[in-house]
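Asker: Spelled out from the first residue to the last, the chains are:
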Amino acid sequence: MSSPGILTAGLSRCFGRQQAVAGLSLLVPRGAVYGFLGPNGSGKTTTIRMLLGLIAPDEGTIEVLGRPMPRSSAWVLPQVGALIEGPAFHPYLSGLDNLRRLDVCDATADPRTRPARIESALHRVGLEAAARKRYRQYSLGMKQRLGLAGALLAPREVLILDEPTNGLDPQGTREVRTLVRSLAADGTTVLVSSHLLSEVEQVATHVGIMSAGRLLAQGTLDEVLGGAAPSLQVETTEPEAAAALLTRLGLREIVVDRTHDRLTAALGEHDPADVNRELVQAGVPVRAIATVRPALEDLFVQLTGEGFDVLQ
Amino acid sequence: MSSNEPAALVDHGADPGLAIESTGRGPRSPRRGAFARLLGSELRLVFRRRRNLALLIVLAGPPVLIGIAVKTSAPHGGNGFFGQITGNGLFLVYTALTVSLPLFLPLAVGVVGGDSIAGEAGAGTLRYLLTIPVGRTRLLVAKALSVLVFVTAAVVVVAVSGLITGWVLFGIRDLTLLSGDTVSLADGLLRTAALTLYVVIALTGLVAIAMFISTLTEVPIAAMAATVAATIIVQVLDAVPQIGSARSWLFTHNWLGFGELLRSDVDVRTLIGWSMLQVGYVVIFGSLAWARFTTKDITS
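From first to last, the protein sequence lines stand for chains A and B.
Per the working numbering, residue 1 is the first one in the first sequence, and the count goes up by one each step.
Per the working numbering, residue 1001 is the first one in the second sequence, and the count goes up by one each step.
Pulled out of the complex, with its shape left as it was, chain B reads as follows (with noise of 0.2 Å):
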């Protein structure tokens, strides 16, 4: 070292900090509960960002209007969950989640899954990643999660807000199943909470269709408009009736078969099949995104 340059940047001489320097250079291997760790730090980078947290704020809107509208309007109205909500809050949470489904949720599942890989290509943070290294099937996995995590955030927040929003404008009682039987409110809250779940359910598809589509571009926004269209279009196709029973293996189409819950007879089998086929969804579209970020060559 010359010694007419400052030292400032290396001046190590009496700074604690650098003792772990005497540690040593040399191979090191991977330390337990680091998977946690790393998804706990995906989680945190999805759950502080402000857009994210904005996102949330907005589902919690429309079932807030939706009580308002239908507080304020005539007594009795609109067909389904619609009309019930005067007799029973609970009903929010339903009209709720139809509402949201068509849209807002994908809306969500496009902007946090879209941006998952693309995100950090674009910002040029990929490449830091994966030379840390940070393992591309274990970063895909943990990315993945944290989607899904976020996703199970969305739809309780709307739920949660049709539930409160219903309570304190209708209040909520024992609930009327669709086949005109009776159950407790135990049962009622039960069965709702049933309902959300599978709400999170059927969004697994679009979550594995987000990923994938964010490990093609590092360009999140394409992403992100990518996934929301492709909801779109496989909604519109679902409506086409020429189509034939190919509707059924639509990822959209049993999004809103959650009414399944409210028969006094629960037919699990079919619920149970409809689920299958969001796993099918989360196979393909989970082993392409797989196949094509591991193999991928990071420019950005």
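This is chain A alone, in the form it adopts within the complex (with noise of 0.2 Å):
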């Protein structure tokens, strides 16, 4: 159980003129849900089909579970559960008939636990009741559950999520949280790739982001976060005042908004309480305070630039 979920070294691929993918290490460890962020069309698709053998790396390696990709495809795929770029099933079969399919397709499924286990799938989805619909009727966010179905028929080690919430409505993108911390809580990897950002913040351990083809930042979600510095937010009429007690209590960064009544400082080793303590025994009159921790919208932007602009 030593060896990462996922582990990738130099990996890089072109198409064309086109740099998709290029020196890319990411390492999920085990048992991690690793957000895997980056904007439109900054190679995480590319990347992820990578890692489950679709396309061939130009360069690099690729380890899942310790065991080289795609060489080991056959060992490590089973315990591999993906829904990639949306989920895609033959239109004219119903819900029940695709997963059968799917199922059948995998040598090493048992037949006889099949219709328990494609029952228990469709359950932790909460599609049961659309089961024997045509898989062409079916919603957005139906299709979805489906793809989240067919990723869970069997017991997985590792579960590579491509854009899971896509379609679902807000109800759907919790359920599809509580199912993510779920499978975490059992030991289970998890790489969720995502651009919407608080959503991972809620539910990953790890965060990777990429921007054109690299990965800029990569590690626990503080570590990522710039060590976890969290600031001191106070709101107060009084905010010069506020700013002259902080710097001699010895508080950096201090930054006085007047617009807003409202100061922040980098709270370093200093107890909020104490802080709070020493400004209401000054006369400072606080009407609020509070511990800001950067959010990872604010790090991603930085990283990845503010524009609407596909990145070449």
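In case anyone wonders, no lab produced these hints; they're calculated from the structure.
Each residue gets a CB set at the ideal place from its N, CA and C atoms; glycine is no exception.
Any given hint could turn out to be false.
[Said to hold, decoys possible] Over the 10 Å line for every Cβ pair with chain B, so calculated as not near, a few chain A residues:
1. S12
2. A22
3. A56
4. S73
5. P78
6. L221
7. T236
8. P294
[Stated by the list, open to error] Partial pick of chain B residues on the chain A-facing surface, computed with a CB cut under 7 Å:
9. R1025
10. R1028
11. A1034
12. A1036
13. R1037
14. A1123
15. P1133
16. T1137
17. V1234
18. V1266
19. R1269
20. G1273
21. D1297
22. I1298
Take the two lone chains, each set in its own frame, and fit them into one complex as the hints suggest.
Answerer: Here's what the structure looks like:
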């Protein structure tokens, strides 16, 4: 169990002149929920396809569960459930028949437990009621749920979920989050690619941020968020007085925002409760005081740029 | 897990189905009979698809139409097999196969063979099959076999439709061979069965070509059209005398050679030679399809 869930080294792939992925070294520890982030076109899906042996890398190595891919596909892939660029099923078959077909194609699947496993997968994604409907008649959210059910047909060591909440309503999004958490609690390694940062921030233990084919940051959520350096935010009608006091207490990076009667400072080693007591004792009227962690979104924008432009 | 979120999707406390979870994760090895189950699944996919069933029904049509046309027209008529239908309904089988071979049967090969890989690629289901993992070689072989079974069914439908129509409209009786000898009805039916089998063999080269074309594209209709176009082009070439003896290497050249089975002394060697040509096409285009499919980047 010591080998990482997913490990790549120097992974590169060109399409024509376009460098889709360049020198990517991913590390997804066993049991992690790894948020794989990046703007559209940053190479996430190409990377996922290489991890699963669908696309051959130009350079670099891939190990999943400690075995090389794609050479060990037959050993690795039965333990990996995947949702790749949205669900895809035969439109003229029912959801149930589609899952049956997927499971029959798995040479390692036990035909005797097939009905029970399919039922359990449908149950997990809440699709039992629509199982006998043709896939063609499914809504986008139902299709996405069926795709998730397909990834859960067998017990998995690793789950690779590319944009799993695409097309789901807020309720469905929450359900997927809960599902990911419960799978992770069972010890499954999960890689979730997404551009919805708040969503990833809520479930991920680790993140990797990609842009233009390169990995810009990777590590635990705390590490990536700059050692989780929280800042102190104080709302007061007398920000200057507060700033003077905080300077005396030794806080740094004090920024006064007069329009909002607010100031922020790097908290450092200070206890916010002590700071609050000092402020009150010094007669500074404190309306609100809070410790604020930098949001993943701020970091993401800082790393990948503001604009809507697709990066080349 | 946070407590304020609904646990509907994962509330498996009382669900017996989830007992399987306890069988655990980890490596799993292939089980016996997996390929047979895969082939069964492919066959169900092919034979449950309405389009393919409609194709089989359409193929049953021409023999019936020919039979009715012959029945309602002047009693004497036509060259070759046509002229003999009124005398013996068995000849409607040969007529039906002769009429269906240039276009209708290649169309069946093109639709089902061309769709085999390209259809899964176009629908996006190929990426899920391959990550199961189904094994690219296994999938290609299972697909090719299922196409071959469908093509066999298509040829049998044409032959059986001709046989039933001929029997109902003209009756079937002892068979007068091309050489003038007459053989018993049982012998005639046996020859008819062998002849039907020969037509299936004659189409195997085209099946391999269709499979290869299907690995080249993600657009199934393009693979279907290309297969049918290839058949037509080759038949046109086969009609150009200047090409000379090279024509005998064309995969369509001996398609209508099944008449050989209606001679009193069947030249088995010639039939085997013609069949070997198809084997050659299967080996070449099967290898190309394999080489292409097992190295292809799946981006659909």
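Asker: Take the hints in turn and mark each one as holding or not.
Answerer: The hints, checked one at a time:
no. : hint  : in the structure
1   : S12   : 14 Å, holds
2   : A22   : 17 Å, holds
3   : A56   : 6 Å, violated
4   : S73   : 5 Å, violated
5   : P78   : 5 Å, violated
6   : L221  : 16 Å, holds
7   : T236  : 32 Å, holds
8   : P294  : 22 Å, holds
9   : R1025 : 4 Å, holds
10  : R1028 : 4 Å, holds
11  : A1034 : 4 Å, holds
12  : A1036 : 10 Å, violated
13  : R1037 : 5 Å, holds
14  : A1123 : 6 Å, holds
15  : P1133 : 4 Å, holds
16  : T1137 : 11 Å, violated
17  : V1234 : 32 Å, violated
18  : V1266 : 43 Å, violated
19  : R1269 : 42 Å, violated
20  : G1273 : 39 Å, violated
21  : D1297 : 5 Å, holds
22  : I1298 : 4 Å, holds
The earlier numbered hints that this structure contradicts are 3, 4, 5, 12, 16, 17, 18, 19 and 20.
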